[in-house]
Each structure stands twice: as structure tokens, then as C-alpha cells.
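What follows is the residue order along each chain.
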Amino acid sequence: MDDLFSLKKAFLEEIGSVDDLAGLQLVRTKYSGKKGLIRARLRDLSSIPPDKRPLYGSTLNDIKNFIEETIRNRELIFKTREKEQRLETEKLDITLPGNFTPFGRRHPVNQILSEIKDIFVSMGFSIEDGPEIENDYYNFEALNIPKDHPARDMQDTFYISDDIVLRTHTSPVQVRVMEKRDPPLKIISPGKVYRCDSDVSHTAMFHQVEGLMVDTGISFSDLKGVLELFIHSLFGADTPVRFRPSYFPFTEPSAEIDIGCIFCSGSGCGVCKTTGWIEILGAGLVNPRVFEMVGYNTDEYSGFAFGMGVERIAMLRYSIDDIRLFYENDVRFLNQF
Amino acid sequence: MRVSFEWLKDFVNISVTPEEVSHSLTMAGLEVEGIDTSVGGDSVFEVNVTPNRPDCLSILGIAREVAATYRLPLEMPGDDIQGDLPASDIRVEILNPELCHRYTGRLIKGVTISDSPEWLKNRLEKCGIRSLNNNIVDITNYVLLEMGHPLHAFDADKLSGGVIKVSKAGKNRSITTLDGIERELSGDALLIMDAKKTLALAGVMGGEDSSVTSGTKNIFLESAFFAPVSVRRASKELGLRTESSYRFERGTDIEFLENALNRAALLIRETGGGIIHEIVDVYPEKFKPATIEVNYARANALLGVKLEKGEMLKSLERIGIGVEDRGEVFHAFPPAFRRDITGHIDIVEEIARTFGYGNIPARLPKTILSGGVLNHKERGINRIRETVRKTGFTEVVNYSFMSPSDLDMISIPAGDKRRRHLGLRNPLRQEDSLMRTTLVPALINNFAYNFSMGARDIRLFEISKIFIAETDRLPTEGLRIGGIFYRENIPSLWKESSQAFFIVKGALQSLFEEMKIGGYTFKPSEEVFLHRGKSADIELKGTKIGFIGELVPDVAESLNLKVRKPEIIVFELNIDTILAFLPERLTYRQVPKYPFIERDIAIIIDDSLTAAGVMDVINSFRSEFIETVEIFDCYKGGNIPAGRKSLAFRIIFRSGKRTLTDSEVESVHRELVEYVLEKTGGELRYRS
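Residue numbers (my numbering), protein chains in the order written: chain E, 1 to 337; chain C, 1 to 688.
Incorrect hints may appear among the rest.
To be verified - Simulated restraints on C-beta separations: (1) Glu328/E / Val673/C: 54 to 62 Å; (2) Val591/C / Val200/E: 52 to 60 Å; (3) Pro595/C / Asn65/E: 38 to 46 Å; (4) Ala290/C / Glu292/E: 12 to 20 Å.
What the hints assert, rightly or not - Distance condition first, Cα-Cα at most 30 Å in a straight line; then the derived BS3-like pairs of lysine-lysine: (5) Lys91/E / Lys495/C; (6) Lys126/C / Lys273/E; (7) Lys147/E / Lys192/E.
To be verified - If you want the footprint, here are the derived chain E segments under chain C, 3+ residues with CB under 8 Å: (8) 154 to 161; (9) 217 to 225.
Worth flagging that the hints you see were computed from the coordinates, not collected in a lab. For every residue, glycine included, the Cβ atom is placed at its ideal position computed from N, Cα and C.
With the sequences and hints as input, model every part of the structure.
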């Protein structure tokens, strides 16, 4: 029996000096391994006199359980301590920047263009595309702007030849669509247009969105409703809107639409030239002469058309004072949007 | 046009402020773009008069609108010439009545040429016309501003034969105009001539020979109606725009021109004396107002209002349009000064304008619901833009123009489609005189600009059209996406050693993956401006859709970056073709249920073999268990012999029907390895 007690004592001494998992493993092998001291005692059980054997056996078993449990406990302590140490030592300077490639930005004009498209698409308009280099017929004549008409001065045109021009507006798309399809129509035609003009508020190329709605019973009142809804969606529901008479050869009555100046809230500033209003859209009922040219029955159908410059809206949105910035393509500018 | 508020008050008794008048003009379609208060106590409106309203190109025209708006009477300027007048010595003959519909004139003898009175000079200058220290010329300008009708004064003593002829130029092809410039004319230009010589270019500018000078004693004053198209053509051909031509080409008042003539004659007598002679008036076809039928209900329906008959008619009468009620319709008779009103819609516009656009209610259309759609193309473009943006490229937009030197910069060969460019007849600058046939030059310029501004990590892309000239039809417009990449080799926190080419190639592959486009290949490029060893043409099912590559040293050096061997990568892809290859619809495939087994193969092969070539070999090995093959290492040098390289692939084996065993995968893999070694002539890197 004494050897059992000295075994336990020796174990306690040894384990007392173990300080890590590796040392613990050695102790475990020495005592409770397959070739360990406990197993050896168990194997030698037969050499114990039979009368002492039950007590010796149960004591040995107690010591075995004690040793194993002690090792398990120690192991748990050491493992916990090791995890703790890892958490303590594996320390990052979390203030270093992350490793990433920043997304590129969309050009501000295209961002606004998408917003405009989304609003009209949500109102049931579909998007139509057409050539940027156009026949004089589609750009002018079919829109009631005959050759030698002073209205041609309203748009400084780039010419490729006598009959081919860079489109000065996206309205030719409307004519092309009307030639192919019968009413009802609800379309917008976004895209690039060209005018030979260049200063802080004009560039030789810019973007327009023009729209057309044709059906029976369309009135000026509908035009006002749709465009007010559009403006309120784009600039906010409490933006003041006013319609005033103007002139475009392809619409009649024609209107220009102003919004209350978003910089001075209507009290007058440099942007609105102290008027309190900023022009944002041109529009009107489609001139019956345009319908006649595409073969629509003007007694049955009426419609409205509108157009806007995208850069202008982007300039207002972001307080940009020089339109040419959009085409300098300086990343320090582009990355702001 | 500049409109003096004080002058307006001559004709309409305005009691409200200039600001209020300015507002009501704007709301009546005569937009006041600014008010100039810097001129001695007066307010001068800058009015934007649209081309359809030449009647408003005068103080009187604006006064007429103000009078209608405020329902005030319009006081006309005095133009009644009293008494017996001597008959005119000068006859008028109109030889081309289709171009000159009326010609009136008055001889005034014994005038004194002098400086104009201050009040007159003052008004001219306020409205932007410089006084010429010649009362006759100043008065014609004064009446032009006041009444909107251009007049011209000839020195009557310089006329020969006592006759004024209005005729096309024919063989008289030159005239020295008042400004001293000799001008060549087309045979169709309308001229004012006497028995011997050319006196004036009708409606545009007078001739020097017949002009009024300080020594002039007798004058012949002209007030005529010239056909707008004729004046516009002459003015455009000569590039000569005057206050006269501006008004004639928009249309003047054929009736009222007589009042303007008289008004000027009286002012001349008042300031310079002289005897006014009897009017000469050749007016072959008298003005008859058009009759326009308008349906009350249709007018209301078009505007979305419910105006009473009387209300409609009265508003038209107030702006000078005659009306007659005819039951369901009415007849409208526009006056001579409203030549723009020719159809019922013009009358509807006048009704809307006088009623006030602001008073028309806004409503949403009653229409059949339709699904607004971003069409297939639009959606495709949006996805392309978003994907490329998310690979780090920032979007630029360039003008659609290019410089004649742009294609040379990147050495596009003669005969290449990109040489079929269109030129602008009237470019703003030579550098912008061609329509682009590729996006690359502009992107190179964008790169160089940003580099010069200090950027050292530059990733830009653009989606725009290019234009290829065609014979006998409109050019071909193709949608392209182009991009440029440059990143300076500088120490950075998170080392990333990828070569520039592969970063951009990776971006394009992300794009193809996102668009669900498979089967694309990168083959050595034929583009001469790209580095032979670092460029590729991209093909999709045998069709070339674009290229990617490093700019050749020549192009890079031309940018003067002061960087040794800059790696600038460009690409351009044809979006039209990409969109054509987009799958119509996607179909779901079952996700694999059984576990996979992974094996690697590393082989040493001849350096001339490409990774894609070896990949093709692996893929040509027939086994239903190979799920994916991926290259994970490419290595040269070290213990690899010169002229050879090591490639390593990871192969995933999996069955869709059952769990594979290690031993069956091992046997397939062994066969595969033998197959690959045989086909490539390679050897295993690690002998096991």
C-alpha cells in the first residue's frame, strides 16, 4: 500500500512543478500512459496477496482517477492560459488602413442621368435610343424647323455635310419612334447632343433627356402634372415650379419651366440672376405639324414633349459653376461624386 | 433686346414698378433676363425675344404686350403728315415682287445734317446703338428701335435716273457696303438699284456710294417689306448680320411700315428741317388677314381648362386678334404684325398665354398603364458600367471629337476601319475637328492630364459611341467601353505584386463573369500601338470584341512622363457585340451534393507553351469526374532549367451521383498526369 501512497506523492510533486502542456503530456505518459506507472501496478495486481487485493485494487483505482482528473484539470487551465496568451500577444495595430481597391466613381452626369431615367421609367415611360449623327430632316425639318428658318439660330449646329449634322437635341429620336409606332406612346430619349458653343455654361457636347407622350385627350394640364411630379421627385416635394410661355418650333403652346432657386430659396442671388427662379426644362404640346409629318391623326391624338439638359441639373445639384469641369475628367473632381 | 422702361411709358401709362412689369412680361413669354439700372434713373430690360415674335423687337411691340396685360390703352406715336406735299421725283419699280412685297419711300429735300438732340442719342445708347453724330442715320435707328421697322436713308443726289429698282443681283455681283467692305454677292441676292448702279443690299445694309454724309442735302427714305427667306440667305451668305436683317428675316409688319416711314420723316423735319414729299408706295398685293377656325371645345380640351366663349374671345381681342363667334367654333383674324399665327394651334397658344400658364391646373394623365422599362441594352450597359466601376475604374466622359493627329499618335495603319472618320465642317478647334473612331486617344489624354496633376494610381474608363464613315448613308455608330490603367511602383503598405496587365485583365474577367459570358479567349494582339509581348485581342466565340495591352514604348515616351518604362495598360471592348452575346435567360443547375477530392499537378514545360494551352490539354482529357481545373502557380528560374517553366494546377474531382473513393480518383489522376505529360512533352516537377 505504501508504494501507492508514495506514487501519489511523487505524482503530486511532479505535477506541481509542471508549467505547460508539454510538461503535462510527459507526466501523463509517465503515469497514465499505456506503459505508465498506473498500468504497471494494475498488471502487477496478481502479485498482491488475495486478502489485501480488494483494498489495494480500489485504492489504486482511486489514485488512477485522481491522477487523470488532476491532469485534465491542469490541462484545462494550461489551455485556457495558452488561449489567453494568444489573444494577448497576437495583437494588430487595428488603426492601420484596410487592404482594398476603392470602387471607381460614376461620372456625375451619368449619375444624374440615371436618376432622371429612373423617375420616368417609374412613371411608365420607356427608353429609346437613336443616332448622334443625324439627317437634317430628323434633326430639323421633321420638327418643323425648315431650312432658312430663324429658329435654326437657336441651336448652333455642327455640320458634317449639307444634309448631315451632329444632332442638336435628342428630339429626332422621337420622330424616328413615331414613324415606326402608333400611339399611345410614352418614351424618353436620353443621350449626347452637340452645339458649336463653348463657355462657362456651354460645351460643344452635352447630355439631354427628352420625353414624349402621345395619346387621345392629352392636354397642357397633363404636361404640367407630369413635369411637376418629375421635378418634385428630383428636387424635393416642396420645390416651387412655374410654367411660362416660350417658343420651340416643334411644340405649341410651348413653355419653359422654372424652379424656385435652390440656392437663395427665391430671394434672389447670382445663380438665378436675382429673379428667384432657375430655368430647368423646355416643353409644350406637340405641334400638329410634327404629327402631320409622321402621319398621326391630329384630330384624334395630342401629346406633349419636353427636354432638359443633364449637365445643368448636375450643376444645380452640386453647385458647380463651370460646365467644362465635366469634360476635364480630373479625378480630383470625379471622385467627389 | 434692350427695352427702356422710360421709353415704354411714351406708349402706355404704366403705374406699376419696372420689376412688376418685368415679371408680367416674363410670364407672357417675353422673358426679361435682366434689368439694367445703371443708366441714369431708367430701368432697361434685357428681353429675350423668341424667333416667333418679331413684333416684339421694338419698344412699341413690348408696349402692346404691356398694355394688353394691364388692360391699358396703347398710345401710338404721331405719324400724321399734314398738308399738301410736293410730288416725289423718284419712281419705284419692284422687279422681283416675290422677294419684295411692298416698297414705300419719301423724298425729303433741304435737310440739315447735324448732331442728334441729346434725348434721342440718350435713348439710342440706352438700347445699345451708338449715335453716329448724324441725325438722319440716328433717326432711322431710333424708329427701328421704337417701331420695329428697319428704314434706310439714301442721299437722293447720288441717285441717278430718278428711279429705285428692287431686283435680284443677277450679274451685279459686288457692292461696297456702308462699312467700307467690298462684298461679293450671289445672283439671288436682292438689291436696291438706281438706273446705273447698286445702292443697297436689300434689308441687310446700304451701299457706301449712296450713303448719307455730312454734306447730304436731300434724302430718300426707304421703308419696305422684304421676304424673310431672301434677307436671311443674303445675310448668312455674307456673314453680315445687322439690326435690319435680324428683323426682316423674322418678318416685319407690312401694313405698319408706312407709319414707321412717316414717323421718321416727321422726326427728320423736327431735327433737321427739310420738305417732306408725297409718299411713293408700290404695294402689289395688299395684306389680307388669314381666317383661322378654332373649335371652342377643342381649345379647352387641349389646354385642360373650361373657358367661357366670351372669355376666350376677349383675351384674343386684347392682343389685337380679330374674332367672330360662329357657334361651336370661332374665326380668328391675326393682324399683320402677328405673322407667326397661321393655324388653330397658334390661337390656342395665345389663349393659354393670355389666360396664364399658371392658371392651367396640373393633373396626371388618364392613360393606359404601361410598364416603364429600361430596355435590354440600357440594362446591359448599366451592369457593365457598375461592374467596371467596382473593379476600381472611375468613369470619364470625353467629347466625341478627336484631333487629326490622334490616330497617328497611336499609329493606326492606313486601311484600318478607324481611319474611316468623319470631319466637322465647322469645328470649334482643329483638335476637335474629327468624330472619334476609337476611345483610346482621349483616354491617353485623360491619363496624361491626371498624371500631370500628380495622380499616380490612375484607373479610368469610358462608355461612349464611336463613328465610322459609310458611303451613301449615315455613319455606323458603335458603343465602346475603353479604359486606361497606370500604377506607380512605389512602396505600399499591402504589397501587391501583380503585373499591371493582369490587374486589368482581371477587371475584364470580372466583367465577363458578372455578365455570365463564357468562352472568351485572350490571343496575341495585332494592335500596333500595344506591346507585342504584353497585349491580347479578346475573342468571344471566334469574334474579336476588343483588345487589352500595354502601350508601346514609343507612345508612352511621347507623353513625357519622366518615368522609366511606364506600364500603361489600355483596353477597348465593343459593347454592341458583348450585349449580343448575353445569355437570353439563365437556367438553374443543381448544386453538387457529394464531397470533392482535390489533386495538384505541377509540371515543367517549355516556356513557349502558354498556360491556356496546357489548360486546354487538361480540359481535353475526358473524365466525368473532373469538376474544375485552376492554375495556381507559374514559376521560372531557381532550379527550373532555362527556357522552361513550371505550371501548377489544382484539379477538383467530384461526381454528381455518388461519393468518390480516394483510390478511383488516384487512378483517374494518374491517367491525367500521363496524358498531360505526353501531350505537352513536360515532366513532373516533383517526382514522387
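A quick look at each hint next to the structure:
no.	hint	result
1	Glu328/E / Val673/C: 54 to 62 Å	holds, 57 Å
2	Val591/C / Val200/E: 52 to 60 Å	holds, 58 Å
3	Pro595/C / Asn65/E: 38 to 46 Å	holds, 41 Å
4	Ala290/C / Glu292/E: 12 to 20 Å	holds, 18 Å
5	Lys91/E / Lys495/C	holds, 20 Å
6	Lys126/C / Lys273/E	holds, 20 Å
7	Lys147/E / Lys192/E	holds, 23 Å
8	154 to 161	holds (count 5)
9	217 to 225	holds (count 8)
Violation of the numbered hints given earlier is absent; every hint is satisfied by the structure.
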